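**Student:** Add chain A to chain F, keeping to what the hints say.
Taken in sequence, the protein lines are chains F and A.
Letter by letter, the first sequence follows residues 0 to 303 in numbering that gives the first Met the number 0.
Letter by letter, the second sequence follows residues 0 to 398 in numbering that gives the first Met the number 0.
Read the hints as simulated data drawn from the structure, not as lab findings.
Every value quoted in this text rests on a predicted model; they were computed, and no experiment measured them.
Check the hints yourself; a few may be wrong.
[Said to hold, decoys possible] A short, non-exhaustive set of chain A residues, derived as facing chain F with CB atoms under 8 Å:
#1 Thr-43
#2 Gly-44
#3 Gly-47
#4 Pro-51
#5 Gln-186
#6 Ile-213
#7 Ser-223
#8 Pro-224
#9 Tyr-225
#10 Gly-243
#11 Lys-248
#12 Thr-272
#13 Gly-278
C-beta: ideal position from N, C-alpha, C; glycine also.
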Amino acid sequence: MGQQVLNAIFIGSIYALFAVGYTLVFGVLDILNLAHSAVFMLGAAVTYSLVVNYNQSFVVACVGGVAACVVMGLVIEYVCLRPLRRRRAPPIAALISTIGLALIIVAAVEQGRPGSLFAWLWVDGANSVRFPPDIVPDPTWRVGGLTLEAVKVAIVPVSLVLMLVLGYLIRYTQFGRGLRAVAENSRAASLMGIDVDRMILLTVVLSSALGGIAGILFGLALSDISPYIGRDNVEIRGLAVIVLGGMGSIPGAVAGGYLLGLIEVLALVLFGSNVRTGVAFAALFLMLVLRPQGIFGAQLHERV
Amino acid sequence: MKRERVILGLLAALVLTACGTTSSSGGTSYQGKTIKLGALLSITGAGGVYGPQSRDGMLLAVDQINGSGGVNGAQISLEVRDDASDKAQSAQQAQTMIQQDQLMALLGPTLSNSAVAVHPLAENLKTPILAVSTTGIHIVPDCNYPSATPCKYVFRDSLGEQTAIPDNIKSYSEDKHPSTGVLLVAQDDKFSSDGGKIVQDTVGQYNINLLKVIKFSKTEADLSPYVTQAVQLKPDVIFITSLGGIPAKIMIEARKQGWTGQFLGGNGFNTSTVSKQAGSAGMGARSASAWYIGNTFVSNADFVSAYRQKYGKDPDQFAAQGYTAIKIIADAASRAGLTFSDLPGDRDKLRAAMETVNIDTPLGPFQFTSNHDVKQTVWIIQMDGSGGFTLVHEIKPTT
Chain F
0 MGQQVLNAIF
10 IGSIYALFAV
20 GYTLVFGVLD
30 ILNLAHSAVF
40 MLGAAVTYSL
50 VVNYNQSFVV
60 ACVGGVAACV
70 VMGLVIEYVC
80 LRPLRRRRAP
90 PIAALISTIG
100 LALIIVAAVE
110 QGRPGSLFAW
120 LWVDGANSVR
130 FPPDIVPDPT
140 WRVGGLTLEA
150 VKVAIVPVSL
160 VLMLVLGYLI
170 RYTQFGRGLR
180 AVAENSRAAS
190 LMGIDVDRMI
200 LLTVVLSSAL
210 GGIAGILFGL
220 ALSDISPYIG
230 RDNVEIRGLA
240 VIVLGGMGSI
250 PGAVAGGYLL
260 GLIEVLALVL
270 FGSNVRTGVA
280 FAALFLMLVL
290 RPQGIFGAQL
300 HERV
Chain A
0 MKRERVILGL
10 LAALVLTACG
20 TTSSSGGTSY
30 QGKTIKLGAL
40 LSITGAGGVY
50 GPQSRDGMLL
60 AVDQINGSGG
70 VNGAQISLEV
80 RDDASDKAQS
90 AQQAQTMIQQ
100 DQLMALLGPT
110 LSNSAVAVHP
120 LAENLKTPIL
130 AVSTTGIHIV
140 PDCNYPSATP
150 CKYVFRDSLG
160 EQTAIPDNIK
170 SYSEDKHPST
180 GVLLVAQDDK
190 FSSDGGKIVQ
200 DTVGQYNINL
210 LKVIKFSKTE
220 ADLSPYVTQA
230 VQLKPDVIFI
240 TSLGGIPAKI
250 MIEARKQGWT
260 GQFLGGNGFN
270 TSTVSKQAGS
280 AGMGARSASA
290 WYIGNTFVSN
300 ADFVSAYRQK
310 YGKDPDQFAA
320 QGYTAIKIIA
330 DAASRAGLTF
340 SDLPGDRDKL
350 RAAMETVNID
360 TPLGPFQFTS
370 NHDVKQTVWI
380 IQMDGSGGFT
390 LVHEIKPTT
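If we strip away everything but chain F, and leave its shape as in the complex, we get (with noise of 0.2 Å):
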């Protein structure tokens, strides 16, 4: 059970990262960008290709696999959302280009083959790979019975690092009550003289980034850099994580991540590997029914 506890504590760290970038953006635009599921895949598929096929350090492609995911955010505003926004088209139309956007990216990818158009991108089309083992140090320690590896250890810090940071960033700073206002209602916010087109596109960098890291770490984990390693299975498990914590509460999308975990786990263990996923699940589904604003839904000073 011990074990079993790390894992959930572990994935939760990712999910909970993942699902950040995820309510970050519905927070200010209510919006959900499912392009986000795809920007996780590019972050790991971009430092992979720098750490294997350009002979980069893994730091270098780092920086070079955020900085694939912040371009992409600056794709996401001004392709698929600002056009929307300026002809104020429903909430729907934005959801549809992001999932748009989401497909041609993983296809991209995927196409990626030696010789082929995007090869420069990716060269193992479709297949499941890992980063080189001795990428980073990753000593595994046991104690008293539970296996300790060092990557998925360091996660957790990482993980929280950063989404105390981003707290820290909306709750004091300039640009946080910024982002705040354009969340409360962006009219009032620009007649306070807020640039909003601004605030959104930062948000939505911020929120690339963000997903971008979470898509590193999960290859790091997890050994697993694919195509479709963000809309397998990770894209639902952020929106399940959003609605657990409350769709737009920051504090919610962490909480939802480790309860998600946890639930994840508890369910495996009581009640076998074939039905874990759909315990986990209808646990988001009473949670709905009991609770439909989330864990932290009521608390709207904290919406970002």
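**Tutor:** Showing chain A alone in chain F's frame:
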């Protein structure tokens, strides 16, 4: 008009037979004709791990055959389509290839999951189809399962899990006599769940007590909770019947958690991609393979060197099976006495000729069983920890 065409066709055939060359295999001359084949493969999606190699193997064989005078003078054209690992798309594309593109025979599809839709369709439209990588159960001869009527037009040159998994378990049991095992199986994929069922049906024969069957989804992001469950039972063997990156992820995680037992698997292990991803964690993981790269008999050595020359990398089992598939069809076509004017008739002649194929291939000497399944030597291989495989045993086919 129709009669004129037939007469013209006959005249042309006569002229060609009179002055055309006859191929080395001695069949009717097909000079100036084209044998149109179609490959329906998963180039993208989950099966994208296997489909591209199948395609590359096929294209190599097509190049070689066309470059050395074709099949009795006829060139082979190969139309490759990607079904994106999707069953519905696969069936739709197969129908287009058979009815609209009027292809003589099809190869594929990559995944057993898609084959259950495509094979009955080809059978129904009386078009020979040769499976090159589908290893699940109910592929041949009962493609219309649960109906037990044998399908006449469906063949397979890939080693079924029904042969591969029991052979592998038997061989390991004879070597090491394991007494306990745990099965990790992706339950939402036909290939994986079929493999799991075969493991469960087989272990009893070798006195292996299956402590637990741990099921998960093939799209599961994090497999560590399942691996923890398996490792805590301290089994001698962990059986993995899953696709794509899953076997490697399980191996890496289990080794990290300190488990030192034996991994046994199926066809899902048999690609260098999986061996490479597993790295040192995969060292010694055993599976039964239809093909082994290190075999030095001529038909394999030639294939391996030609593949390396064309693509600059090593082939894998899927490339070898794709390559073999084209050789099988070419051999059958050379003996079939095709007319190139009566497509249904030609499809039927090709089907009949395929039943009597007996050639040397990279897989070894190759024939079909009466059920249209593969009859070949099985190679027990193990991962070498650095992306390759080494040969452990060789199991000859039972006659």
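**Student:** Given a cut of 8 Å on the nearest C-beta pair, is the interface hint for A:Ser-223 held or broken against chain F?
**Tutor:** holds, 5 Å
**Student:** Going by Cβ atoms only, is A:Gly-44 closer than 8 Å to chain F?
**Tutor:** A:Gly-44 check passes; min Cβ-Cβ to chain F is 6 Å, inside 8 Å.
**Student:** With chain F as the partner, please determine if A:Gly-47 meets the hint condition of a C-beta pair closer than 8 Å.
**Tutor:** holds, 3 Å
**Student:** The hint names A:Thr-43 as touching chain F; please verify it with the least Cβ-Cβ distance against 8 Å.
**Tutor:** holds, 5 Å
**Student:** Just to be careful: measuring from the Cβ of A:Pro-51 to every Cβ in chain F, is the smallest value less than 8 Å?
**Tutor:** This interface hint holds because 6 Å falls under the 8 Å limit.
**Student:** Under 8 Å is the threshold here; is the Cβ of A:Gly-278 close enough to any Cβ of chain F for the hint to stand?
**Tutor:** Hint on A:Gly-278: holds, closest Cβ of chain F at ~6 Å, below 8 Å.
**Student:** A:Gln-186 was flagged as interface toward chain F. Is the shortest Cβ-Cβ separation under 8 Å?
**Tutor:** holds, 6 Å
**Student:** Does the interface hint hold: is A:Thr-272 within less than 8 Å of chain F, judged Cβ to Cβ?
**Tutor:** holds, 5 Å
**Student:** With 8 Å as the cut and Cβ atoms as the points, is A:Gly-243 at the interface with chain F?
**Tutor:** Result: holds, 6 Å to nearest chain F Cβ.
**Student:** Per the CB criterion, is A:Lys-248 less than 8 Å away from chain F?
**Tutor:** For A:Lys-248, the interface hint holds, since the closest Cβ of chain F sits about 5 Å away, which is under 8 Å.
**Student:** Can A:Tyr-225 be said to touch chain F, with a Cβ gap under 8 Å?
**Tutor:** holds, 6 Å
**Student:** Are A:Pro-224 and chain F close enough, Cβ to Cβ, to be under 8 Å, as the hint says?
**Tutor:** The hint holds - A:Pro-224 has a Cβ within 8 Å of chain F, the shortest such distance being about 5 Å.
Comparing the model with each earlier hint shows no violations; every hint is respected.
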